[in-house]
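Asker: Working from the sequences, and respecting the hints, build out all of it.
Throughout the sequence shown, residue numbering follows the numbering used here, covering 1 to 501 in sequence.
Simulated from the structure, these hints should not be mistaken for laboratory data. Heads up, a few of these hints could be off.
Computed cross-link-like contacts, EDC-like style, restricted to lysine to aspartate or glutamate with a CA-CA straight-line distance of at most 20 angstroms [said to hold, decoys possible]:
| id | residue 1 | residue 2 |
| --- | --- | --- |
| 1 | K394 | D472 |
| 2 | K400 | E460 |
| 3 | K309 | E193 |
| 4 | K233 | E169 |
| 5 | K62 | D122 |
| 6 | K322 | D294 |
| 7 | K38 | E93 |
| 8 | K394 | E346 |
| 9 | K309 | E83 |
| 10 | K466 | D431 |
| 11 | K496 | D104 |
| 12 | K48 | D118 |
| 13 | K322 | D345 |
| 14 | K2 | E124 |
| 15 | K322 | D490 |
| 16 | K376 | D490 |
| 17 | K284 | D490 |
| 18 | K394 | E404 |
| 19 | K12 | E83 |
| 20 | K153 | E193 |
| 21 | K33 | E83 |
| 22 | K176 | E121 |
| 23 | K322 | E465 |
Pair ranges (Cβ atoms, derived) [claimed, not checked]:
| id | residue 1 | residue 2 | range |
| --- | --- | --- | --- |
| 24 | P473 | D203 | 38 to 44 angstroms |
| 25 | D229 | A495 | 43 to 49 angstroms |
| 26 | D196 | N379 | 40 to 46 angstroms |
| 27 | M396 | S42 | 56 to 62 angstroms |
| 28 | G213 | P424 | 55 to 61 angstroms |
| 29 | A291 | K447 | 42 to 48 angstroms |
| 30 | G420 | G101 | 34 to 40 angstroms |
| 31 | E100 | K33 | 14 to 20 angstroms |
| 32 | A456 | D111 | 45 to 51 angstroms |
| 33 | P424 | M396 | 23 to 29 angstroms |
| 34 | K153 | V427 | 57 to 63 angstroms |
| 35 | K447 | A9 | 54 to 60 angstroms |
| 36 | E206 | N379 | 55 to 61 angstroms |
On a predicted model such as this, the values are computed, not experimentally measured, just so you know. Backbone N, C-alpha and C fix where the C-beta goes; we use that ideal spot for every residue, glycine too.
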Amino acid sequence: MKMTSERIALDKIYKRRDRYEIPDWQREEVWNKAKKQKLIDSVLRGWKLPKFYFLLTNDSPKEYDVLDGQQRLSAIWEFFDGELKLTAESAAEFGAASYEGLPDDVSDAFDDYEINFDVIEDAEEEDQKEFFQRLQEGLPLTSSEKLNSIHSKLRDYCSKLAKHKFFLETTSVSGKRYAYFDICAKVMVLEIEGLDCGTRFDDIREVFLQQAGFSGNSAVAKQVRKSLDLLHKELPNPDKHLRNRTIVQAIITFCCHLQRVGLKSQQNKILAKFIDHFLAELSKQVELGQAATDHDYVAFQRTVNANVKSGPKTRNDILLRKLFKYDPSFYSEVPQSNSLSKSLDEQISRLAESVRQLIYEVNNIYSGHHGKDLFKPTNKTIKALTSELSKPTKGMDDYKAFIENLYFIFRESIGTRLEGNLPPSFVNVNDLRTLNEHDVDHGKQNKAAKKKKELAAVFEQFSGEKSPSAVDPTKFVIIQANILSALELDMRKLAKADFDG
1 MKMTSERIAL DKIYKRRDRY EIPDWQREEV WNKAKKQKLI DSVLRGWKLP
51 KFYFLLTNDS PKEYDVLDGQ QRLSAIWEFF DGELKLTAES AAEFGAASYE
101 GLPDDVSDAF DDYEINFDVI EDAEEEDQKE FFQRLQEGLP LTSSEKLNSI
151 HSKLRDYCSK LAKHKFFLET TSVSGKRYAY FDICAKVMVL EIEGLDCGTR
201 FDDIREVFLQ QAGFSGNSAV AKQVRKSLDL LHKELPNPDK HLRNRTIVQA
251 IITFCCHLQR VGLKSQQNKI LAKFIDHFLA ELSKQVELGQ AATDHDYVAF
301 QRTVNANVKS GPKTRNDILL RKLFKYDPSF YSEVPQSNSL SKSLDEQISR
351 LAESVRQLIY EVNNIYSGHH GKDLFKPTNK TIKALTSELS KPTKGMDDYK
401 AFIENLYFIF RESIGTRLEG NLPPSFVNVN DLRTLNEHDV DHGKQNKAAK
451 KKKELAAVFE QFSGEKSPSA VDPTKFVIIQ ANILSALELD MRKLAKADFD
501 G
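Answerer: See below:
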């Protein structure tokens, strides 16, 4: 066993947080809020933290199991994410309760604060146990090791499933300490009990005992195996993005969900491309750290780093929303549950609020250069921004009103102030309004036909259909979410633009 001492700045480890796996036995204990606040206060004061211990599990890129220090890392990541606030006393001393609100010199010092850690390499199981006997009175049994001793046919099936080629050939997860069994156990429990079921040791143990007579020929068993077959066939072997146990569980569960609602065989390759796209974008957004531009990916990664009961459902909802954005045609294939509808409504509300805040931010920047707002406030734009933007569209009339409000905000209110430099989504809004107004029927027939085709292509990128009249009324809400997502992204870019020209 080899050990080397290293140091790393907090902002750097935060941007690489997807490379640090939390072993399941580390997830059982959860610090309370006061303990987390005390840790952040110590860091802000520059006080030295106890050493962290990481086990190297992959060399390119370097990935680790967190053997000691998980709760400290979780608190640090929560503070970066805005999930953890300082006490009133600490906030008064350091200038704000949240990371985002800290004065630049304080947040810079927090970013640059370095933790000391030892990296353990080439460690055999016995070496690890001996090390932990000296560090903290013995290496705890993983939940998977404890579950593996339970007499249950569900346990037997999970053991059998863990030998599937998908784990060894497709994922980049190490199979040590029953890691594949752990993934299978969680997938099976979620499929049997539903996404609201907990996945801690006690939760899984109870289901194992209840399912002592589980049949490997049951519908659930066949469905999970079918999903593993699909993923092994369609995804790259190996897939460099499938290196985290929780993410692997999420992808299998997601695939099971789509199989259950009738995924067609001709959609398998599209699904595989989406999964690859999603995981690549997730990695990119995590690397951006505080500069991340997509709330959904940040929220997804947050559930990976923290073992909360709502995690599986949150991850599945995010995957569904991203699939609908990637290929809107899938929306018609998936039955719309109350929870999914609520999730979409919440996403629209969040996107609308984000766009509102970004307009305010961009106006402040633009007026500092030009002495006037970029988005000119009018009665129409004020009404659209204050209430209409976040109202979920439930049919054609709502959709037309939504596009009209966007036109007031992103075309009419800015006039010619961005002439020649309009963001793509602003141009799209104008095109979508033109399509709604059928304002292309005049002029030469061949030019009108060409214009109609171009407008149909714009609508299709948000909806998967060529015309609003061909859309199922229930689908307009996902179209609304897709348009708002595009506007939010362009607004974030605009907030960083140089308005001196």
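Asker: Hints first: check each against the structure and report whether it holds.
Answerer: Hints, verified against the model:
1. K394 x D472: With Cα atoms ~10 angstroms apart, K394 and D472 stay inside 20 angstroms; holds.
2. K400 x E460: Holds, because 16 angstroms separates the two Cα atoms, which is no more than 20 angstroms.
3. K309 x E193: holds (13 angstroms)
4. K233 x E169: Holds - the C-alpha atoms of E169 and K233 are around 10 angstroms apart, at most 20 angstroms.
5. K62 x D122: At roughly 14 angstroms apart (the allowed maximum being 20 angstroms), D122 and K62 satisfy the hint.
6. K322 x D294: Given pair K322, D294 holds - Cα atoms ~11 angstroms apart, limit 20 angstroms.
7. K38 x E93: holds (14 angstroms)
8. K394 x E346: holds (15 angstroms)
9. K309 x E83: This hinted pair holds, its Cα atoms lying about 17 angstroms apart.
10. K466 x D431: holds (13 angstroms)
11. K496 x D104: Within the cut-off at roughly 18 angstroms; holds.
12. K48 x D118: Since the Cα atoms of K48 and D118 sit roughly 15 angstroms apart, the hinted pair holds (cutoff 20 angstroms).
13. K322 x D345: The hint holds at about 14 angstroms.
14. K2 x E124: OK: K2 and E124 at ~10 angstroms, within 20 angstroms.
15. K322 x D490: holds (18 angstroms)
16. K376 x D490: Distance ~18 angstroms between K376 and D490 Cα, so the pair holds.
17. K284 x D490: Holds, at about 18 angstroms.
18. K394 x E404: It holds: about 15 angstroms lies between the C-alpha atoms, which stays within 20 angstroms.
19. K12 x E83: holds (19 angstroms)
20. K153 x E193: Answer holds: K153 to E193 is near 16 angstroms, not above 20 angstroms.
21. K33 x E83: Since the Cα atoms of K33 and E83 sit roughly 11 angstroms apart, the hinted pair holds (cutoff 20 angstroms).
22. K176 x E121: Measuring from Cα to Cα gives roughly 14 angstroms; hence the hint holds.
23. K322 x E465: holds (17 angstroms)
24. P473 x D203: 38 to 44 angstroms: holds (39 angstroms)
25. D229 x A495: 43 to 49 angstroms: holds (46 angstroms)
26. D196 x N379: 40 to 46 angstroms: holds (45 angstroms)
27. M396 x S42: 56 to 62 angstroms: holds (57 angstroms)
28. G213 x P424: 55 to 61 angstroms: The hinted range 55 to 61 angstroms holds for G213 and P424, with Cβ atoms some 57 angstroms apart.
29. A291 x K447: 42 to 48 angstroms: Cβ of A291 to Cβ of K447: about 43 angstroms, so the range 42 to 48 angstroms holds.
30. G420 x G101: 34 to 40 angstroms: Because 37 angstroms falls inside the window, the suggested range holds.
31. E100 x K33: 14 to 20 angstroms: holds (18 angstroms)
32. A456 x D111: 45 to 51 angstroms: The hinted range 45 to 51 angstroms holds for A456 and D111, with Cβ atoms some 47 angstroms apart.
33. P424 x M396: 23 to 29 angstroms: Roughly 25 angstroms apart at Cβ, these two residues keep to the hinted range, so it holds.
34. K153 x V427: 57 to 63 angstroms: holds (59 angstroms)
35. K447 x A9: 54 to 60 angstroms: For K447 and A9 the Cβ distance comes to about 58 angstroms; the hint holds.
36. E206 x N379: 55 to 61 angstroms: Because 59 angstroms falls inside the window, the suggested range holds.
Violation of the numbered hints given earlier is absent; every hint is satisfied by the structure.
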